[in-house]
Amino acid sequence: MKPRAQTPSGDVVLRAVGLTKRFGRVVALDGLDLEVRAGEVHAFLGPNGAGKTTTIRILLGLLKADAGKATLLGGDPWRDAVELHRRLAYVPGDLTLWPSLTGGEIIDLLGRLRGGIDAQRRRALTERFGLDTSTKARAYSRGNRQKVALIAALASRAELLLLDEPTAGLDPLMEATFRDCVNDERHDGRTILLSSHILAEAEALADRVTIIRDGRAVETGTLAEMRHLATISVEAELAAPVALSGMAAVHELTVTGTVVRCHVDHAALDEVLGRMHQAGIRSLTCRPPTLEELFLRHYSPGRSAAGAGR
Amino acid sequence: MTGSAGTGQLTSLAFRRDRVMLPACVCGIVAVLAITARDLKVLYPAPARRLAVATSAGENPALRFLLGRLNGTSVGAFLAARWGVWGAAAAVLLTIFIVVRHTRADEEAGRLELVGSAAVGRQAPLIAALLAAVTANVAIALLTCLWLPALKLPLAGSAALALSIGGCGLAFAGVAAVGAQLATTARGARGIAIAALGAAFVLRAVGDTGPADLSWVSWASPLGWVESTRAFGSSGERWWVLALPLAASAVLVAAAFARAAGRDHSGGLLPARPGRPAASGLLRGPFGLAWRLQWGPLAAWVAGCVFAFAACGAAAKAIGSILGASPALRQYLLRVGYQATLSDAYLSALMLLAGLAAAVYATSAVLRLRTEETGNLAEPVLATATGRIRWGLSHISVAVGGACLLLATAGLSAGLGYGILSGSVSTQVPRLLGAAAARLPATMALAAVAVLLFGLLPWESTGLAWSAVALAGVITVFGPPLQWPAWTMDISPFTQTPKLPGGTVAAEPLLWLCGITLALVVAGLAGLRHRDIGDFGPSRLSCLVRDSVAGDPHQSNGPVHGSAPEQC
Numbered sequence: 326m327k328p329r330a331q332t333p334s335g336d337v338v339l340r341a342v343g344l345t346k347r348f349g350r351v352v353a354l355d356g357l358d359l360e361v362r363a364g365e366v367h368a369f370l371g372p373n374g375a376g377k378t379t380t381i382r383i384l385l386g387l388l389k390a391d392a393g394k395a396t397l398l399g400g401d402p403w404r405d406a407v408e409l410h411r412r413l414a415y416v417p418g419d420l421t422l423w424p425s426l427t428g429g430e431i432i433d434l435l436g437r438l439r440g441g442i443d444a445q446r447r448r449a450l451t452e453r454f455g456l457d458t459s460t461k462a463r464a465y466s467r468g469n470r471q472k473v474a475l476i477a478a479l480a481s482r483a484e485l486l487l488l489d490e491p492t493a494g495l496d497p498l499m500e501a502t503f504r505d506c507v508n509d510e511r512h513d514g515r516t517i518l519l520s521s522h523i524l525a526e527a528e529a530l531a532d533r534v535t536i537i538r539d540g541r542a543v544e545t546g547t548l549a550e551m552r553h554l555a556t557i558s559v560e561a562e563l564a565a566p567v568a569l570s571g572m573a574a575v576h577e578l579t580v581t582g583t584v585v586r587c588h589v590d591h592a593a594l595d596e597v598l599g600r601m602h603q604a605g606i607r608s609l610t611c612r613p614p615t616l617e618e619l620f621l622r623h624y625s626p627g628r629s630a631a632g633a634g635r
Numbered sequence: 088m089t090g091s092a093g094t095g096q097l098t099s100l101a102f103r104r105d106r107v108m109l110p111a112c113v114c115g116i117v118a119v120l121a122i123t124a125r126d127l128k129v130l131y132p133a134p135a136r137r138l139a140v141a142t143s144a145g146e147n148p149a150l151r152f153l154l155g156r157l158n159g160t161s162v163g164a165f166l167a168a169r170w171g172v173w174g175a176a177a178a179v180l181l182t183i184f185i186v187v188r189h190t191r192a193d194e195e196a197g198r199l200e201l202v203g204s205a206a207v208g209r210q211a212p213l214i215a216a217l218l219a220a221v222t223a224n225v226a227i228a229l230l231t232c233l234w235l236p237a238l239k240l241p242l243a244g245s246a247a248l249a250l251s252i253g254g255c256g257l258a259f260a261g262v263a264a265v266g267a268q269l270a271t272t273a274r275g276a277r278g279i280a281i282a283a284l285g286a287a288f289v290l291r292a293v294g295d296t297g298p299a300d301l302s303w304v305s306w307a308s309p310l311g312w313v314e315s316t317r318a319f320g321s322s323g324e325r326w327w328v329l330a331l332p333l334a335a336s337a338v339l340v341a342a343a344f345a346r347a348a349g350r351d352h353s354g355g356l357l358p359a360r361p362g363r364p365a366a367s368g369l370l371r372g373p374f375g376l377a378w379r380l381q382w383g384p385l386a387a388w389v390a391g392c393v394f395a396f397a398a399c400g401a402a403a404k405a406i407g408s409i410l411g412a413s414p415a416l417r418q419y420l421l422r423v424g425y426q427a428t429l430s431d432a433y434l435s436a437l438m439l440l441a442g443l444a445a446a447v448y449a450t451s452a453v454l455r456l457r458t459e460e461t462g463n464l465a466e467p468v469l470a471t472a473t474g475r476i477r478w479g480l481s482h483i484s485v486a487v488g489g490a491c492l493l494l495a496t497a498g499l500s501a502g503l504g505y506g507i508l509s510g511s512v513s514t515q516v517p518r519l520l521g522a523a524a525a526r527l528p529a530t531m532a533l534a535a536v537a538v539l540l541f542g543l544l545p546w547e548s549t550g551l552a553w554s555a556v557a558l559a560g561v562i563t564v565f566g567p568p569l570q571w572p573a574w575t576m577d578i579s580p581f582t583q584t585p586k587l588p589g590g591t592v593a594a595e596p597l598l599w600l601c602g603i604t605l606a607l608v609v610a611g612l613a614g615l616r617h618r619d620i621g622d623f624g625p626s627r628l629s630c631l632v633r634d635s636v637a638g639d640p641h642q643s644n645g646p647v648h649g650s651a652p653e654q655c
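Chains as they are written, first to last, in the numbering used here: chain A, 326 to 635; chain B, 88 to 655.
Chain A with its partners taken away, still in its complex shape (with noise of 0.2 Å):
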């Protein structure tokens, strides 16, 4: 399938600049920043609550923000809202369907509403995710009403997807052919938003990953940059007892008989496996930490968010 996207691969699509929103005396965004190149799986992270489905909504121009500069392929997502929604197709978080219609024809309301479905794609997807699309919608369970919205979505070519929470309700075995869509609209160069709190899935699929906490984004960047910013977790038998309680890059140091678990800086590592070695190793593991470590930290009680993972 030949791509459709227009913006150049490593372009920006998506950038947003210290948005703020408020409702009321909650806030829900407080200065957030957020940018997502041309043709990247993008994962925004973060608990219920943190802001994602908000900041979602303004870059569709349904939210106005209060402070801040969001930019939708090259416009304005408040001013230039209907032309921009051509070029993007959206699953939404709070995902209701009109009881009295059928998947079929929300399906392809939905893509006539964009301005065109390419019926092509809308059988092969449906086949793909074995929906009966003569049911109505009221008697859909929750994963197949999150089925008619992927299929809306994922079959109207769109240069950008926003998918909020989009497996949601799904059985394994679905999760399983959605992350064989969004390769596939990947390799189509296709630009994907990927709101989810699910790590797993966003370790398995995302380029680059932005975490958000209390409507701020705290983290960002591809996992390999992640990982190299956060520690690194050490666990050695040793022959001798070592002296690492000094050390300022060593964090979480706990020492049972002979056994040594630790969470080591990058910069630091060489010294720290350097008086290993001195003191004789039996045993070693040196890992990165997985996204869900990264992710927890940043949500630890006791943690600042501006402190967290360094």
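Heads up, some of the hints might be wrong.
To be verified - Some, not all, of what chain A presents toward chain B, calculated at C-beta under 10 Å:
1) Leu388
2) Ala406
3) Val407
4) His410
5) Arg412
6) Ala414
7) Pro417
8) Thr421
9) Glu430
10) Arg437
11) Leu621
Unchecked claim - Negatives, chain A to chain B, calculated, CB over 10 Å:
12) Asp401
13) Glu577
14) Gly605
15) Glu617
FYI, nobody ran anything at the bench for these hints, they're computed from the structure.
Glycine residues also receive a C-beta, built at the ideal position from the N, C-alpha and C atoms.
Put chain B on the given structure of chain A with help from the hints.
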């Protein structure tokens, strides 16, 4: 575990959820009865007048079709004829909504699944719903039984009328219980029960107006049983008829329990029909969607209009002789209708009601925008290449088209009903069509108020828009007879429309109305363009009002992080 385990908790939950709606509806139904009884005493104080009315009313098939038979010439018999069938129908509607709300509606929404997983018997939700419905009907009967004797009506007749109305409600509690077991959706269950109510009305009407050898069909209708009890009848009440609704209720409830015991959760007898696997050419764009979502209710409104206005139009022929007997009523009608002749005044008042009905419809059609928005259904449409103005106009087009259709239907039906009986179809139909069309600007003005509110004060829009319609209705109906001052009357847009048929047409007020309507819509759409889309809390304006009333206890708190935009 027995089938009824947990009934106590579910019943108190039902009463907790209905604690406002149930007493309000019960009191409303009884109050209408009592107020009518009081009015009838004032309007027809002399037995001779009542006898004259009874004779002419007895000759008019349209009145018998609408209201039923008159079984005497006392004030009580008049009351039983005026409100016996319709009061019972109101009690039936309340019963249907209560029963379905606590059975199939909860099941469809998935709430009963949660409840059923607890130590709750299979029959418990149905028992709880029936207990709530029985309570409502017993309360209606009891209050009627207390209130009517207080107005110096005979106790026996009051009791017979009260019990026949309550009994009719109980019979339909059984119908609704069965409907809730058969259909898989709440709408389907209500549809079955309301269709049964409609059938009961038609059977009764046919029995009352048809030839004598067809009068037995009234006995097949629970609404016919209300008449057949002959409350306040000149030949005494027929108490044994009260056993019929009780027996019917027992049979139907037993059938519902048998079905509930044997069926799957969320299963029914009537299968959910599959629909089209792909959208037709009509479902293209926001306008296609809005009409698709709203055509069902509109069709029901049109059907109701045909029925109601044809019957009321047909009744116009006899109106002179009936109202001539009561100077007070005659004066009331002349004031509301602003006409010289009584039949024109009646028809003018009728077309005013058509305008109000169309305004109620148009407001509900506009407020569908708000329902779509709060139900997260505006979001998927507005995330496509559909602008907010186009989306807003899509539902507004249903309001405008629907109101025009309803007014045309009302004018045509009333014209045919009156014209056929008076042998002047070719003059009455265009006359009444014109009279109905004359009310369109006022109808549109009220719908435009709803548009304005939706655009500027979304959270408050539903309540305020209905308040505006209610205010216009009260002023239009009660203002003229009570001779309210001109500035009060001018609040209702219907005061500005021509008093047709019979009155004169002035262009200036109509142009003003159209201009105001247009301005309101433009302002509302401009507001829609500039506000956030979604279900947020009260507007800043009503927060200010509330805080100034409550003294703002939150002032000192700092900003809160989170996603719930509920507070001010």
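Of the numbered hints stated previously, which ones are contradicted by the structure, given in increasing order?
Violated: hint 11 alone.
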